[in-house]
Structure formats: C-alpha cells, structure tokens
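Visitor: Residue numbers (my numbering), protein chains in the order written: chain A, 14 to 308; chain B, 14 to 308.
These are calculated hints, taken from the structure and not from any lab test. Treat the hints with care, since some could be wrong.
Because identical chains share one entry, a pair is satisfied inside a single copy or across any pair of copies.
Claimed, not checked - In silico BS3-like pairs for lysine-lysine, Cα to Cα no more than 30 Å straight-line:
(1) K16 to K200
(2) K122 to K89
(3) K200 to K262
(4) K127 to K16
(5) K19 to K127
(6) K182 to K262
(7) K200 to K89
(8) K89 to K142
(9) K122 to K16
(10) K122 to K142
(11) K200 to K142
(12) K182 to K127
(13) K19 to K262
(14) K142 to K182
Residue strings, one per chain:
Number of protein chains: 2
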Amino acid sequence: MAKTLKVAIVQMSMGADPAANTARALALSTEAVAAGAELVCLPELFRSRYFCQSEDAAHYALAEEIPGPTTAAFEKLAARSGATLVLSLFERRAPGLYHNTAVVIDGAKGMLGKYRKMHIPDDPRYYEKYYFTPGDLGFRAWDTGAGRIGVLVCWDQWYPEGARLTALKGAQILIYPTAIGWHPEEKAALGERQHAAWETIQRSHAIANGCFVVAINRTGFEPEPGGSGGIEFWGQSFVAAPDGHLLVKASSTQQSVLYAELDLGAIERQRQGWPFLRDRRIDAYQPITQRFDDE
Amino acid sequence: MAKTLKVAIVQMSMGADPAANTARALALSTEAVAAGAELVCLPELFRSRYFCQSEDAAHYALAEEIPGPTTAAFEKLAARSGATLVLSLFERRAPGLYHNTAVVIDGAKGMLGKYRKMHIPDDPRYYEKYYFTPGDLGFRAWDTGAGRIGVLVCWDQWYPEGARLTALKGAQILIYPTAIGWHPEEKAALGERQHAAWETIQRSHAIANGCFVVAINRTGFEPEPGGSGGIEFWGQSFVAAPDGHLLVKASSTQQSVLYAELDLGAIERQRQGWPFLRDRRIDAYQPITQRFDDE
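Only chain A is shown next, with the shape it has when bound in the complex:
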C-alpha cells in the first residue's frame, strides 16, 4: 500500500492580541504534529486580526522580519517533530517595504524559503494594496519531507496562472493560506455564491493541474475599525484531491484542526487518466502575458 501523507489544516479565529494568536497557532500546530501530521498549514496572517479592513499606518507595527521571532518559534517545533510547516506572515523587508509572505519550514532543515503574495487585492475592507508590495519572487515550489509543495496566498486563488505556474514547478500540493469572508450586509444576497465561487475555483486548480489543493481560512467575525461593519470569515477550509473532489472540509464557524490523508500516488494516476499536461498548446499561450488582447 502506498504511503499517505497526513496533513493538518489549522482553521483559527483571531483575537486582538498578536502574542495570544501566535501562542494559540503554536499550540494547535503542536497538537497537530502530536497527532501525526507531517504537513501543518496555518491561515493567512494568523498573528493578528485581519488589519487590512482599514488603512492605518499603525498596523505596520505588526510586521516582522523573516527570519524573525515567529519563524524561530516554529522552527523549533519543526526541528523537534520533523514536520513541514507553512506560515503566513506580514513581512518587514526594509523600512517602508512590506510583503504578505508565506514561509516554508521543513523539519530540522528549518526555513527552506518564502513566497511573497503575487496578486494583491484592494476592495472595501480588503485594502491590501496599502500594506503589501506585490511579490517579486515569482511562483515557487520546494521539496520537503511532506512532498513537493507550493504556496500561494488568498487573492492568488482567483488566478489560474498562479496555480498552473506553481504546478509546472512540480508542486504536488498547492497550499492557499487565506483570509476571506462575508460582508454581513451582503451575506443574504451574495454570500452563498461568493463562497461557492471560492471553493469552485480552487477545486478547478486541483483538476486542471492534477494535484492536491489545501485551502486554510480563518473563521469568526472581526469588526471593521472605526466602521459599523466587519468581516464574517467563512472558514470552510478544505482539501481537494487531484480530481477536484473534497477530501475534508471544516465548518464555517468552528476553530478546528482538520486532518486529511493524501495519497500522493493519486496525482500520477489522475494525470494518466486525464492527461491534460500532455496537450497544452504552449505555442499559442504567449498572449497570456498581455494585459488584454485588444491589439
């Protein structure tokens, strides 16, 4: 019988105190590796509430260098357990230069590298262009003790190009730390379709590329600073198999550690059954690098 890989998704809700959030993330990750997880994935920007609901220079104080105290704390857990950990952090690269950055820590090897979020959103209560310079490291994948993995972050979810490019780097698992939810005032009218679109497009990345997709969202309501609204993060973290079916899915409201067993052999079986990579028309894809093909 082929080896399976045990993955843990830490779906969290975040309080006002970054130290407490970080301690809880570390405790839940410790619980996960104790339960045998070889790959532990945390949600986007788990150290704090989702501060991008407003544009406020005071929030830059939440950024930290990478490597820094948070990576150091998780490197200890990785070294002790041998597990691979995926973190999402607010990176202070230089004074006045910040990124939304994911970090891969691999057992005793420590930090293998980072991915800086390439696609940066900006819409009401998701004012990320104020905080984050778009990534300049491209799309990446790393060989780890938990397979070859690639990390993309939240808004990247909507771009088939990001998934494809990461899969072409050989990634077996596409990991999406995320912070997405409903505007409460829109939820009745649009909420179901918004969530369905989010799940559907990520399942499609699994299908198009014949790989696993792991989406880790936060949950809970976070009020909008100085406003009357906020975001109800929709949870529902999940793992999709290479044929797109859901292996596991978390609730919309519960903080929980979700486990899935990934049979990495399913990737090649799926790609042999439906050999999409064989037939890509790379001779015709050049206009993908254009903004719009209106010449």
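Add chain B to chain A, keeping to what the hints say.
Guide: Just chain B now, with coordinates in the frame of chain A:
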C-alpha cells in the same frame, strides 16, 4: 432595465444517419429561434455519432469543407431569423488534413469565422489525435448580434489558458460544444467525480474571467464500433453566470432545447465587484509558455 440575451442550447442525441442528425439539429434550431433565441448553440460534431470511439479511415468520409453544405443550410436559418448560430463540424481542409472546427454564423452576415479545436484529446474511446490536426487559428472572439462570443471545443474545457485567452480577446460568452460521457464500466466508481470535475472547471472559467460559459453536450448511449463498450454521454449541458452559478442545466438523458436569459451587464458588475483582471501579474506569467518549468 438592461436588455437580456436569450440563448438556446440544443442538447441532442445522435443516431447512425448524419442526414437525419443534421435535419434534427436544424429543426431544433428553428424551434429555438422561433422561441426567440438570439444565440443557438449545438453540440460537438452533431452531424454524426461520436466516431472517435475507434480509429477507422472510413470515418474521414464524414468530413466536409467549410463553408460547405451544412454551413449553407444553417446560414439560411440565420439569415431568415437574424440569430447567431454556433456549429461544430468535422472539417476537411485538404485531402488528408482534417480539423475539429467550430463555426460562428451571424444572422444575415453569414459565417463570421471558424475556430479549430486547439487541444486534442487521445484516450480510450476518444481517439481524436487520429482524426484531427490541432488547431492553427489560435483563440478567437467575434462581435455578433448576440454579443462578443468565443468558442472552444470539449477538451479545451480543461485548459484555463484557453478560457483566459478567449476572454482576453473580449469574449463575453465562452461557448463549449462538447461530446463527453461515461465509460459504463467506470461509471459507478468514477462517474460522479468525472462529471463534477467537468462542471467545476467550466464554472471556474466563468469565475476567473467574469464572463458567461455555455456548455453544450450530447446525450444518449453510443456503442463502441467493434467493441463491447461505448460511451454514455452525460448531457447536463448548462449555462454559468459570471460569478459561476448555474443559470440552467439540462438533464443527463433527455434531448432538449434549454433556454437561458443572459444579462450581459452582469459581466461588468461582477468584474467591478471582484476585479481580477486588474491584478494579473503579466510580468510573471512567461513560463506558462513552457511545457514544464523544470530548468
């Protein structure tokens, strides 16, 4: 109130006689325009049974030139009704050179152009590489009386690149004539997931690109020539809105003309709500033109 566009999907099952299939396609299309359809879409290779279940040179006799007798017959209907018609034909381009080709016929203007299927499958009972040279016209869109439309064909469905490139040409509606079904012996184990993958990835093209997707499949069982198997075409033709939700969906077994009213204004509203096109990282997409990014 904004104008809506009435679209008809002609979900057919095909018999052994091409003349009878063509006559039925014409009759159903006539019924559709009489019911007010401004855009009528037919399934892939509707003139015949899905002959690619076997490799047999005798089937080349099914090919015809474009323009040819079938386009002429449908041009008459288009001219009479003013409707836009999308056909899928087995094109004889030259002796020994054949394509799987879609044709757009626009009211009194007649044939606007053709699209030659770019991604050609080849797997058991779908031996298309034997019959069809891969398309050499690239991805296309046309201004028609029924909006700006792009056509892709079946196996193209699995490639986000094809959908993206057609949307970047300005297409408001991506139309996928299709012939896909179950191998009966696999259906119990894999059928539901196969169908879900097919629907999911096409809905994802609507979501990623903020446009409508129209998928037209055939239905009915067609036996494998000289074999004991066959294909149970799964029908379930559908129209997806720019947020990915299904507007209409046909049954798996019934021949039927399915109608949908498309509010083309939903495209821009969706793209303003979730402005994905704004943030594409065209500076980083170049490796999409590589077979695999393993250098």
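Visitor: Next, verify each hint and record whether it holds.
Guide: Evaluated hints:
1. K16 to K200: Between copies only: 27 Å across chains, 42 Å inside a chain, cut-off 30 Å.
2. K122 to K89: within (11 Å within a copy, 70 Å between copies)
3. K200 to K262: both (20 Å within a copy, 25 Å between copies)
4. K127 to K16: Within. Shortest intra-copy distance 27 Å satisfies the 30 Å Cα cut-off; inter-copy 49 Å does not.
5. K19 to K127: The answer is within: 22 Å in one copy meets 30 Å, while 49 Å across copies does not.
6. K182 to K262: Only inside one copy: K182 and K262 sit 27 Å apart there, 37 Å across copies, limit 30 Å.
7. K200 to K89: neither (41 Å within a copy, 48 Å between copies)
8. K89 to K142: neither (33 Å within a copy, 54 Å between copies)
9. K122 to K16: Close inside one copy (22 Å), not across copies (61 Å); limit 30 Å.
10. K122 to K142: neither (33 Å within a copy, 47 Å between copies)
11. K200 to K142: This pair counts as within: shortest intra-copy Cα distance 24 Å, inter-copy 47 Å.
12. K182 to K127: within (15 Å within a copy, 35 Å between copies)
13. K19 to K262: within (15 Å within a copy, 38 Å between copies)
14. K142 to K182: both (27 Å within a copy, 27 Å between copies)
Hints 7, 8 and 10 from the earlier list are contradicted by this structure; the remaining hints agree with it.
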